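K.L.:
Given chain A, put chain B in place with the hints provided.
2 protein chains.
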Amino acid sequence: MEYLEQIGRRAKGAETVLRTLDGGRKDQALLTAAEYLRAESALVLQANEEDMAQARKKGMAPGLLDRLSLTQERIEAMAEGLTQVAAAGDPVGEVTEMKKRPNGLLIGKKRVPLGVVGIIYESRPNVTADAFGLCFKAGNAVILKGGSDALSSNRAIVAAIGRALSDCGLPKEAVQLIDSPDRLVTAGFMKMNGYVDVLIPRGGAGLIRTVVQESTVPVIETGTGNCHIYVDDPADLSMAAKILYNAKTQRTGVCNACESLVVHEAVAGRFLPMAAACLAEKKVELRGDARAMAAEKSIVPATEEDWGKEYLDYILSVKVVKDIGEAIAHINRYNTGHSETIVTKDYAHAQRFLDEIDAAAVYVNASTRFTDGGEFGFGAEIGISTQKLHARGPMGLKELTTTKYIIYGEGQVRE
Amino acid sequence: MEYLEQIGRRAKGAETVLRTLDGGRKDQALLTAAEYLRAESALVLQANEEDMAQARKKGMAPGLLDRLSLTQERIEAMAEGLTQVAAAGDPVGEVTEMKKRPNGLLIGKKRVPLGVVGIIYESRPNVTADAFGLCFKAGNAVILKGGSDALSSNRAIVAAIGRALSDCGLPKEAVQLIDSPDRLVTAGFMKMNGYVDVLIPRGGAGLIRTVVQESTVPVIETGTGNCHIYVDDPADLSMAAKILYNAKTQRTGVCNACESLVVHEAVAGRFLPMAAACLAEKKVELRGDARAMAAEKSIVPATEEDWGKEYLDYILSVKVVKDIGEAIAHINRYNTGHSETIVTKDYAHAQRFLDEIDAAAVYVNASTRFTDGGEFGFGAEIGISTQKLHARGPMGLKELTTTKYIIYGEGQVRE
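From first to last, the protein sequence lines are chains A and B. Residue numbering for the first sequence follows the working numbering, starting at 4 and increasing by one per position. Residue numbering for the second sequence follows the working numbering, starting at 4 and increasing by one per position.
Honestly, the hints are just simulated from the structure, not real lab data. Be aware that a few hints might be false.
Same chains, same label: a pair holds when it works inside one copy or across any pair of copies.
[To be verified] Lysine to aspartate or glutamate pairs mimicking EDC-like chemistry, simulated, CA-CA at most 20 Å apart:
(1) K102 / E284
(2) K312 / E76
(3) K325 / E43
(4) K15 / D182
(5) K61 / E125
(6) K103 / E378
(7) K194 / E217
(8) K245 / E284
Computed from a predicted structure; not experimentally measured.
Chain A with its partners taken away, still in its complex shape (with noise of 0.2 Å):
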């Protein structure tokens, strides 16, 4: 599609730019772009006004008008996040593990920038300048494909960046969005392989299955998390209430929110009274085995489709089992690779805990929530990787770089 293979040949000459920029350029940049955000806010403002209109008069739901809407707080939200972004240690050029062979080859791994990064994203307008942020201070060009309900918005988000770009001699297709409403090119999109090095979804469930079915180019799947609790015998069964109560009820539409309960027989009797006596503060409903209800009579039964399901709302599944063994398969049957939580006082529990389960954050004494680019130390994240390949987890800008083997030599030749 040549609209395509344009945008695509525009982001390599990009690329090329980027790949071997200064991190003082990069920074320069970055709040240069802030700036703009914020000198151009109330373009800004009226571009999401128009798109706030259509999608009023399209019946939009409430949460998600809400996701859609900007306000100058939001958009100086935006600025101060590339303002940070700037701040942040730069990923690029690093080199390790040098080391002298014996036929005198020099041989080490240098850290560059992936090259061009797709992303592929829902009607969130911040999306467009944090994406930017993350990927130009890695090194590389980005090419976003946002929601069409936003279109204006981002419309206005990536003009504002690129003139911030171009004023500080640099080129502005760093960021370029399609702004194609057409089904055609976002399939299109997936497909750029030679252009686009990875492509990133960020969204719900279905946007997501749609991208890994589809795309030929290497996909990073993130976001989905059904994560369990699994308190033990023995266990602090008031700390267990507390973990359960903050990764149940303190953000529910969120990766990292709890979705499922899993408890020891032993102490189900104890625990799953009190558990409900908390979450009832929140009204969150109580879906469980015969076990469960048996243990807490506000508990209502669940479906085999329940142990599966990321609710992101105040429903919780609760399960009844033998022994930690029952536990771990129960939670390596139906989680989704996000983020586990043992609550034990038992020192071999939690190591098996740990070694068996197969997520990308298992914790002990801990809550879901902490799963996060910020909470684990990275600043900013680009979302949280519930694949094995490359990241595994929140994705600060070092998942945002790959390696290349550098190799000094002498003239040597293979023998």
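P.N.:
Using the frame of chain A, we list chain B on its own:
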């Protein structure tokens, strides 16, 4: 497809055992598998004879027949390969970057197996034992789909390894062969999301392209190498000739062989006759642009297609450029991201080439033929990745693993 689902479920079962298996038991199983291959060599040779007879009847080309053929020595080499993998260090279990966060959480990164690895390859039965050995040592279950022409040989090899695993009290499903020649089964294998964590194609460009296009499981692209040697001004021209001769002719059918020569115009007049003279020993055909032809009369005209071609044969394309900038642009346009060399005496040119060339391995003054797990000091390799995600360049045992975050808490919840 029920057949593939069964294979997937069995692989998942084996994966659970391998995930936490001690290094000592893995090594013992590898040594036992080596013994079984030796002890059952008559069975394997007999099975191979069946494949060879079929292949001869079909009129298979001599080169392919040679790849398919097994001998006592080749079986010994497979057994020796497993023994060497047993002697290598265990990549699994290391915990790095363990840090205490301000809230007291202790967060670290633990190296763990990928899970289930799928390998799709052509009719080289030795890949069967090699791929099993590397995947198993890294703690992975492996599902193999070899070329249909090698089916009997592969069945015999997998059966011998399976008996060795059972003997060691381990699940023989740690290695499974897809033994249906049905193309629909192969297509289904590439879409086993949920069962297969990564698919690695090993073989020619056509096979790799198909897997990249068709697979919905994450793929690691390996192999294709359109490798360049750029002879700069100033350069030691006799060193350049030696490196070119080695990279082009030491073995022509491999991915790290040189396929294209790029020469600075200031040295073309002296270097091209030298290069042509030494390559004439091996009857290498040179296809060049007009300026290359002007400098050396044995050079025939190249077409646009030649610049992007991986010949795997005694043919070399030759391009004359006006400076290092044009050389880098040419190489980055036509290369496949494998291995590229500059021959130079100039410090700044060497550094610029290392910085700006976009490839898995970038050399100064050495043959491209060194891009190889053994030559890099990794021991055996599963292939050479030419993509940027997860692994780039020769892939050893470590590249067959991933990491997970492990977090030790004391009841922390998120505010």
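K.L.:
Using 20 Å as the alpha-carbon threshold, which applies to K245 and E284: within, between, both, or neither?
P.N.:
This pair counts as within: shortest intra-copy Cα distance 13 Å, inter-copy 78 Å.
K.L.:
First find the shortest C-alpha distance between K15 and D182 inside one copy, then the shortest across copies, and answer within, between, both or neither for a cut-off of 20 Å.
P.N.:
within (19 Å within a copy, 43 Å between copies)
K.L.:
Tell me, please, which holds for K102 and E284 at an alpha-carbon limit of 20 Å: within, between, both or neither?
P.N.:
Neither: 60 Å inside a copy, 35 Å across copies.
K.L.:
When no copy is specified for K103 and E378, does a C-alpha distance of 20 Å or less occur within a copy, between copies, both, or neither?
P.N.:
Between copies only: 11 Å across, 39 Å inside.
K.L.:
As a check of your reading, is K312 near E76 (CA-CA no more than 20 Å) within one copy, between copies, both or neither?
P.N.:
For K312 and E76, neither the intra-copy (34 Å) nor the inter-copy (54 Å) Cα distance is at most 20 Å.
K.L.:
With identical chains treated as interchangeable, where does the CA-CA distance between K194 and E217 reach 20 Å or less: within a copy, between copies, both, or neither?
P.N.:
both (8 Å within a copy, 11 Å between copies)
K.L.:
When Cα atoms must be at most 20 Å apart, do K325 and E43 count as within-copy, between-copy, both, or neither?
P.N.:
This pair counts as neither: shortest intra-copy Cα distance 61 Å, inter-copy 45 Å.
K.L.:
Could you place K61 and E125 in one of the four classes (within, between, both, neither) given a Cα distance threshold of 20 Å?
P.N.:
within (16 Å within a copy, 54 Å between copies)
Of the numbered hints given earlier, the model fails hints 1, 2, 3; all others are met.
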